[in-house]
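Using the sequences plus the hints, can you model the full thing?
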Amino acid sequence: MAPGKFPPHCGITCRLALALAERFAQAQGNAVSLTPSEVADEADIPPVVVSEFLKALAQRGYVECRQIGRKLRCTVLRSSPLWSADPAKIAELLERL
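With numbering that gives the first Met the number 0 applied, the sequence shown covers 0 to 96.
Don't take every hint at face value.
Unchecked claim - Lysine to any residue pairs mimicking SDA-like chemistry, simulated, CA-CA at most 25 Å apart:
#, residue 1, residue 2
1, Lys54, Ser36
2, Lys54, Leu96
3, Lys88, Glu63
4, Lys4, Ala84
5, Lys70, Val31
6, Lys70, Ala26
7, Lys70, His8
8, Lys54, Glu41
9, Lys54, Ala84
10, Lys4, Leu92
11, Lys88, Val47
12, Lys4, Glu21
13, Lys54, Gly68
14, Lys88, Cys9
15, Lys70, Gly28
16, Lys88, Arg72
17, Lys70, Phe23
18, Lys88, Gly68
Honestly, the hints are just simulated from the structure, not real lab data.
The following block contains the structure:
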């Protein structure tokens with residue numbers, strides 16, 4: 000999602016949910032690979048914030064993350080409750096973290 004295309008008063012959770020929903024809607028296959036910097040660019044939020052969200056999601060089993068050198072790479076399986084093209088469902092899940 001391009002910066003500046005967010006609804007008014009769309010905060011960090013909203014932006015992250017919209018960016019993830021867009022990635023899942025475009026996904027083909029049974030998994031999506033994410034890095035904090037990629038998602039941060041789409042959501043127009045700092046990568047460190049995305050990284051913390053992804054780590055919290057990994058602790059709850061919604062994503063699988065691994066550290067490769069200094070980079071974090073996470074995989075979301077289609078079976079994950081996080082996987083949805085509905086940003087409201089994703090935002091609800093993120094807000095429960």
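Here is how each hint holds up against the structure:
1. Taken as a hint, the Lys54 and Ser36 pair is honoured in the structure, with Cα atoms around 14 Å apart against an allowance of 25 Å.
2. Among the hinted pairs, Lys54 with Leu96 is consistent with the structure: their alpha-carbon atoms are about 11 Å apart, no more than 25 Å.
3. Restraint check for Lys88 and Glu63: the C-alpha separation of about 20 Å stays at or below 25 Å, so the hint holds.
4. A distance of roughly 17 Å separates the Cα atoms of Lys4 and Ala84; the hinted pair therefore holds under the 25 Å criterion.
5. At roughly 16 Å between alpha-carbon atoms, Lys70 and Val31 fall within 25 Å of each other, so this suggested pair holds.
6. Note on Lys70 and Ala26: the hinted pairing holds, with a Cα-Cα distance of about 22 Å set against a maximum of 25 Å.
7. Proposed proximity of Lys70 and His8 is contradicted: the alpha carbons are some 31 Å apart, above 25 Å.
8. With a CA separation close to 18 Å, the supplied pair Lys54 and Glu41 stays within the 25 Å bound.
9. At roughly 21 Å between alpha-carbon atoms, Lys54 and Ala84 fall within 25 Å of each other, so this suggested pair holds.
10. The suggested pairing of Lys4 with Leu92 holds, with an alpha-carbon distance near 22 Å, which does not exceed 25 Å.
11. Pair hint Lys88 plus Val47 holds up; C-alpha atoms about 23 Å apart against a cutoff of 25 Å.
12. Among the hinted pairs, Lys4 with Glu21 is consistent with the structure: their alpha-carbon atoms are about 13 Å apart, no more than 25 Å.
13. Taking the CA atoms of Lys54 and Gly68, the gap is about 16 Å. The hint holds against a cut of 25 Å.
14. At most 25 Å may separate the alpha-carbon atoms for a hinted pair to count; Lys88 and Cys9 meet this at roughly 15 Å.
15. A distance of roughly 24 Å separates the Cα atoms of Lys70 and Gly28; the hinted pair therefore holds under the 25 Å criterion.
16. With a CA separation close to 23 Å, the supplied pair Lys88 and Arg72 stays within the 25 Å bound.
17. With a C-alpha separation of about 22 Å, the suggested pairing of Lys70 with Phe23 holds against the 25 Å cut-off.
18. Between Lys88 and Gly68, the direct Cα distance comes to roughly 32 Å. Violation of the 25 Å bound is thereby established for this hinted pair.
Violated hints for the displayed structure, listed by number in ascending order: 7 and 18.
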